[in-house]
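Now for the letters of each chain:
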Amino acid sequence: MEHSLTNATARVPAKSRLKPDTFPIHDVTCTVKSNEQINGEYYLLILSAPSEILDCRPGQFFHLLCPSKGGGNPFFRRPMSIYGYFPASGELHFLYKVVGEGTRAMAQLETGEGLKVLGPLGTGFTIQDGWQNLLVVARGVGLATLTPLAQEALQRGLNLTAICSARSPEMLMSVDRFRELGANVILVTDSEGSSGVENLERMIEAQIAQSGIDAFYTCGSNRLLKLLQRLGAQHGIPGEIALEQQMACGIGMCQCCVRSLRRGGKIIHERVCKEGPVFDLQEAMEW
Amino acid sequence: MEHSLTNATARVPAKSRLKPDTFPIHDVTCTVKSNEQINGEYYLLILSAPSEILDCRPGQFFHLLCPSKGGGNPFFRRPMSIYGYFPASGELHFLYKVVGEGTRAMAQLETGEGLKVLGPLGTGFTIQDGWQNLLVVARGVGLATLTPLAQEALQRGLNLTAICSARSPEMLMSVDRFRELGANVILVTDSEGSSGVENLERMIEAQIAQSGIDAFYTCGSNRLLKLLQRLGAQHGIPGEIALEQQMACGIGMCQCCVRSLRRGGKIIHERVCKEGPVFDLQEAMEW
Amino acid sequence: MVDIAVKLGSVELKNPIMPASGTFSEDLAGVFDLDLLGAHVTKTVTPEKRIGNPTPRVCEVQGSMLNSIGIPSKGASHFVREIIPVYEIFSPPLIVSISANTIDEFARICEKVSVPGVAAIEVNISCPNIEEDGKAFAMRPSTTLRVMKGLREVTDLPLWAKLTPNTGETPDVARAAESGGADALVVSNTLLSMAIDVKTRRPKLGNLMGGLSGPALKPIALRMAYQCAKAVDIPVIGCGGIATVEDVVEYLIAGASAVQVGTATFTNPMVMPHLIEELRAWLFAEKFQSVNDLIGSVRDDEAADSVVFMEAAP
Amino acid sequence: MVDIAVKLGSVELKNPIMPASGTFSEDLAGVFDLDLLGAHVTKTVTPEKRIGNPTPRVCEVQGSMLNSIGIPSKGASHFVREIIPVYEIFSPPLIVSISANTIDEFARICEKVSVPGVAAIEVNISCPNIEEDGKAFAMRPSTTLRVMKGLREVTDLPLWAKLTPNTGETPDVARAAESGGADALVVSNTLLSMAIDVKTRRPKLGNLMGGLSGPALKPIALRMAYQCAKAVDIPVIGCGGIATVEDVVEYLIAGASAVQVGTATFTNPMVMPHLIEELRAWLFAEKFQSVNDLIGSVRDDEAADSVVFMEAAP
Ligand SMILES: Cc1cc2nc3c(=O)[nH]c(=O)nc-3n(C[C@H](O)[C@H](O)[C@H](O)COP(=O)(O)OP(=O)(O)OC[C@H]3O[C@@H](n4cnc5c(N)ncnc54)[C@H](O)[C@@H]3O)c2cc1C
Ligand SMILES: Cc1cc2nc3c(=O)[nH]c(=O)nc-3n(C[C@H](O)[C@H](O)[C@H](O)COP(=O)(O)OP(=O)(O)OC[C@H]3O[C@@H](n4cnc5c(N)ncnc54)[C@H](O)[C@@H]3O)c2cc1C
Ligand SMILES: Cc1cc2nc3c(=O)[nH]c(=O)nc-3n(C[C@H](O)[C@H](O)[C@H](O)COP(=O)(O)O)c2cc1C
Ligand SMILES: Cc1cc2nc3c(=O)[nH]c(=O)nc-3n(C[C@H](O)[C@H](O)[C@H](O)COP(=O)(O)O)c2cc1C
Ligand code: FES
Ligand code: FES
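Chains as they are written, first to last, in the numbering used here: chain A, 1 to 287; chain B, 1 to 287; chain C, 1 to 314; chain D, 1 to 314.
Quick caveat, the hints were computed from the structure, so don't treat them as lab data. Small disclaimer: the values here were computed from a predicted structure and weren't measured. Glycine included, every Cβ here is placed at the ideal spot set by N, Cα and C. It is possible that some hints are incorrect.
Straight-line distance between alpha carbons at most 25 angstroms, and here's what the computed SDA-like set of lysine to any residue pairs gives [what the hints assert, rightly or not]: (1) D:K199 with C:E246; (2) A:K97 with A:S48; (3) D:K199 with C:F284.
Interface residues of chain C toward chain D, partial, derived using beta-carbon atoms under 10 angstroms [to be verified]: (4) M139; (5) V154; (6) T164; (7) N166; (8) S193; (9) M224; (10) A225; (11) A243.
Okay, chain A solo, but in the shape it has when bound (with noise of 0.2 angstroms):
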């Protein structure tokens, strides 16, 4: 887990960070271009962004101001993978489940109305160079998470699978994306029996025994995370998980969003928002 992966906010700031026009992290005002409900929990919220926050990372994420609506009035604000973003076209995409006050003033926005988000932030999914293969298994809103992945994969002309997990096939998000992004897609869901840990992992040892495996990416399940560990640890292939914790700050600062690792033999806690969300598969521990 080393390459290509340039946070600059990972590190201790140089000098040289602190002139006006190299900050890293940038709180702007985007408007909403559109915001509309993809199945019965899903939003997909498109904003027009400027290009200085679209230099973006697989894997990380924004901090909302969500608006006062519908009712609610939500203080913190909500960090939110990034579903797309597309330098070209100046659009950041988020992909969201309506869980609570938050993601409900969320769903309420309306095309035109403004939208402050802080970012981009933490770190992101990192792909080793020589690799060839890679694995994405997720389900629920990390698909969000997993999706412009398979958008560096295409950039680098790599090969990727795409595990997508669901309740049932009206759930699958983002199946199409892959698609477009040129993945290998697996659907499998609940409710057509094909998403228990056994078939999982029959798929994957063949694949492994196939074309080979050369990183795992995983995100939003426990039962994921074991089955990928322990096939990790049997066949030495390495993998990330990006994970989730409350927020305050969203930048490093108030220390609220350590989740425990196991690294060294020692457990340890790291911040989900800046160390994070992507973290060593092998070293997160299940919640």
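Given the coordinates of chain A, assemble chains B, C and D with the ligands onto it according to the supplied hints.
Same frame as chain A, but now just chains B, C and D with the ligands:
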């Protein structure tokens, strides 16, 4: 100062009062019919209101739950005199000046929106049986408070003269309304030099000499209060004044809205929301 | 039908919602049927006539309010003669709030208001008093104990001690009130605060400082209610910032057996009857048979005991 | 040009805006030029490594927040070796916040962080400590005096005592800190509070209770800043709920010579540089030559002296 005024809430409630259909104070959501700026500072708000809240007395007020609009978030309700109440057409009118957070929010109300109003509240003006010639002297928003007196005088077939004072002629509101209600309107303004105390005194003395005055009614100005107290004492003419004070509850519970009054050789405190806002002219103290 | 009756020692309430002292009077009978309430709580009355503080007596702060009313009072005799009889026509228990500057005066007024028609006496020990150089009795365990003992001697009526948030010793004060003979605790009164008008540079209250009430007070008073419920065996009555049914439920879960609603009535005079109905509906939806099953049901077992009485943050 | 420089004893600030401890780190340099600030204040560091409290460590309450971070710390040695040097590249004075469980440990860490590059030491005496059965030093005048005296002996750097709102004795504690050798007071830390999730019936914080900060704290901390400014001759630094330039001005009028901004940075990371510009603009519009003319200019002369130290409400 006895008569007609059947302000139920001013007395301890009798058991019969506790039956659900006889509560004199209503908390209802009215619909905005219109809300228009009528000159630089003043707005006229017309609400569509249920008839049960339109059994009002001149001088009474409503307690308005201003919306969280225009960036503000007013916490308390805001007291506003009834500018007009029309059971027949189901309308309730307020004339207000934009001064702070609450009135700024009110000014943003649009046709069709709801506004919660509590009332009618307080003890209004009294018109004693046998009185024929009433004199109203008012300035600023005080005109709003006094206008319904003209409505009452018209209904009772009494003569009412309204001396309306303002900084400049453009600022004079409710003059048309007074005229509509058959009042004899006299305009005085600072810009024309006609609003000085000497001029007012001369006009009032002339009226006393000519047709006589049975009672004074005023509101809103220390200068007018002093003048009328003096003339009232000299000529033995009774009078009433509507006073203002900041309010929390508006119905007599919190004791925040007291004003000092001279009564029986002592200085006493009375609640503007309950015993007031209308008080005896001679008891009122400058502020 | 969900049972929402609660017992506060010997005082039975048909529901756990009652007004907070100083934010209620018989004037509210002009708005709804006061028989709906769990109890009636009067404005604090003092032995002698008091004029109260200079105006402005209230101001707004971000989503809440400050007050420095100063307990204007017509005195105890007037109260017993004129006010108590007004409540004869109502069925809920009448709780009379009293305060005084010295323990002697406190005992005197306590005796005076121990009359038929009064169900319990709420002892407002959260006001500055002259014996303790301006500090309220409820700021310290020692003075709380002394005043409660003094009152316990002169009345057989239940005594509810009303605590103040202006202290760092809430659990100790709660235990002192219990030892002194309190039958219940009301938690809490307002928190000393200030606001300044930046244009005039004058304090927004005539009295310079005043008490914070409303939503901003809720997390503080809820913490106190929780601490008190852990510290004593007598019932705790939650008070501070309650405006929604979730607020009521939060206090009950924390261990309060009933709640008082103050500031919310100013902006929404119908709030108490609404809360009663909403509480019933909430309990029904959550499948509770009785409100008593909710009281004190906080799931705090996973947190270390040691932090329960932690007195400072973070 | 309006002069907005202030002096806090020997520490000179080019403007009166600085971050509050625990709500700031060098990470903010990713957002704006930290040289703009009046000073830099580090997260409280403890002598030894501490892991901090269980999550969730923060929650929202009506327009404000609670936290129980629990001061995770890599210990004083790591701090001196790794963190202090980071600030060498910045020009504003560096204020190091320290805390400890006993007076001895406090003295030890105070000595340890008294190194070049540190302009002043902020003494966080608002945390529970084991010597005083879980009470913070700043809850009582006696313990405040003792700890400040202990620190005064071991360092020549200016000492800023950070007070707690979890007390009923603010003016006494302020005077004790001054007597003990404090060069300035920071007023204040967070107020012990609680929130419960009504669905799960669990406390919203892993640690059960935590500190209230943000707008709800403002009227309380402003009152304390005012009381402290009246009580002592050393400078007072206001802290609590500051989010707008009016908030800054309110604290300065009340007598604070500078302010710290905490929670507001979480929702608006650019708030401090904005406040600096807005303060300059406000002073200009109100025709002040210097911010020093605004400090302590509250027009409280019309209120009786006696109420100034009133400790309870209403
Ligand atoms: C790095 C990161 C990336 C994320 N990306 C996405 C995404 O792409 N799509 C998506 O739908 N969701 C995502 N989440 C989860 C999302 O942040 C929460 O669903 C959201 O904050 C809930 O806010 P609420 O007000 O609707 O819910 P409430 O339950 O009302 O929120 C209360 C508080 O808890 C916090 N909170 C609640 N759930 C979570 C959670 N799962 N993670 C972190 N904080 C939480 C809120 O931020 C808020 O502070 C992400 C979380 C993290 C940490
Ligand atoms: C009985 C009564 C009748 C009134 N009738 C009218 C009317 O018909 N038209 C009109 O324009 N105004 C009237 N007023 C004044 C009106 O209530 C205030 O202008 C209004 O409350 C200001 O609110 P704000 O938020 O805009 O101002 P802010 O200054 O932001 O208000 C801050 C606080 O002070 C209170 N306050 C400010 N000014 C006054 C005031 N003059 N009187 C009482 N409280 C005040 C507010 O209610 C609020 O609680 C009346 C006041 C009273 C007491
Ligand atoms: C205007 C006002 C007057 C009050 N008067 C009294 C009083 O006389 N006696 C008393 O014990 N508490 C008094 N209180 C405190 C309330 O009873 C209550 O403890 C406090 O307001 C917190 O509850 P709330 O947030 O629901 O208002 C008063 C509060 C307000 C706002
Ligand atoms: C997340 C968080 C962590 C904090 N950590 C510390 C700390 O380590 N040391 C300290 O003295 N104060 C700490 N505080 C208190 C703040 O410095 C400040 O006193 C308080 O938050 C009030 O200011 P505010 O309302 O502007 O946030 C912390 C506050 C928050 C919200
Ligand atoms: S959210 Fe503040 S450190 Fe991560
Ligand atoms: S406003 Fe409450 S008593 Fe008048």
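Hint-by-hint comparison with the structure:
no.	hint	verdict
1	D:K199 with C:E246	holds, 10 angstroms
2	A:K97 with A:S48	holds, 20 angstroms
3	D:K199 with C:F284	holds, 14 angstroms
4	M139	holds, 4 angstroms
5	V154	violated, 24 angstroms
6	T164	holds, 6 angstroms
7	N166	holds, 5 angstroms
8	S193	holds, 4 angstroms
9	M224	holds, 9 angstroms
10	A225	holds, 9 angstroms
11	A243	holds, 9 angstroms
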